[in-house]
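Put together the whole structure using the sequences plus the hints.
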Amino acid sequence: MSDGLIEVQDTSVVKVGKKEKKMDAKQQHTEKRGPAKMIRVFLGEADRWHGEPLYEAIVKRLRMMDVCGATVYRGILGYGAKGHTHKQHFLHLSHDLPVMISIVESADRADEIRNTVETMLTDGLIVISDVEMFRLVRSAAGGPDVQS
Amino acid sequence: MSKAKLLRIHFSERDKYRGAPLYEAIVSKCREMRIAGATVFRGLEGYGENAEIHRRHIMDHDQPIIVVVVDIEERINDLIPVIESMMETAVIATSEVEMIRVQRSSVESRK
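Protein sequences appear in the order of chains A and B. Sequential numbering from 486 applies to the first sequence in our numbering. Sequential numbering from 17 applies to the second sequence in our numbering.
Keep in mind the hints are simulated off the structure, nothing from the lab. All clues stand as given, with none of them false.
Estimated spans, in silico, between C-beta atoms of each pair:
no., chain 1, residue 1, chain 2, residue 2, range
1, A, R623, B, E48, 43 to 51 Å
2, B, H77, A, E537, 26 to 34 Å
3, B, E89, A, T601, 23 to 31 Å
4, A, S587, B, D78, 19 to 27 Å
5, B, E100, A, V498, 51 to 59 Å
6, B, R47, A, V493, 53 to 61 Å
7, A, N600, B, I96, 27 to 35 Å
8, A, P520, B, S18, 20 to 28 Å
9, A, H535, B, E100, 43 to 51 Å
10, B, E40, A, V622, 36 to 44 Å
Taking lysine-lysine and the DSS-like style, the derived pairs with C-alpha atoms no more than 30 Å apart in a straight line are:
no., chain 1, residue 1, chain 2, residue 2
11, B, K45, B, K19
12, B, K32, B, K45
13, A, K545, B, K19
14, A, K517, B, K19
15, A, K517, A, K545
From the three backbone atoms N, C-alpha and C, an ideal C-beta is built for every residue, glycine too.
Have a look at this one:
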């Protein structure tokens, strides 16, 4: 380099993406079982987090935290913290339907997840129940939490 | 964090109560009884009381419906007999849960 600027900056790696070999379908799966917590988060589809839908932001955050898995469900009718009815009308599409995110993770990480979700939520409900987890992992790396 | 009960009611989209869809009737009843919250979900496919499969048909909607209600135990216990009297066949399941209500928006901004 003859002319230029080199800038050095501190960065924190949130999640390292790595390509993995395609899994072999016949490979034996590994099991992960034990006491776990099921966390259900009730919110509205119109809720936002820095410009993006809150449910998407929560799922992204959970991925960064390497949480086992999260699923978003859209309801067709409901009411909750905000008190108004979320309802899909026949003639116009409502974009504020109730949404539920269900998360399953081993019991020792439940508090961490709960705190994260709680800070992101504006109005909503978090419901935690005890479940038994039985998880099958077939990919080579075994998922993010096997080594932990 | 407080102790609460989670109630799930499974039935068909086709079920009616006094001419209105049963799930709408249940949600209105929950509001009337001042239950903290109720949410209706529509499943893709399922079966229940008999071998008939509930799924989407061209003209007629017959998908499985789940209503999820969360509140303190006493209120859920009051709600169950009321809901039971509104329906013919259904599955009602409860589980013990812990509940955290988050409410940050001010009352004025709520409609």
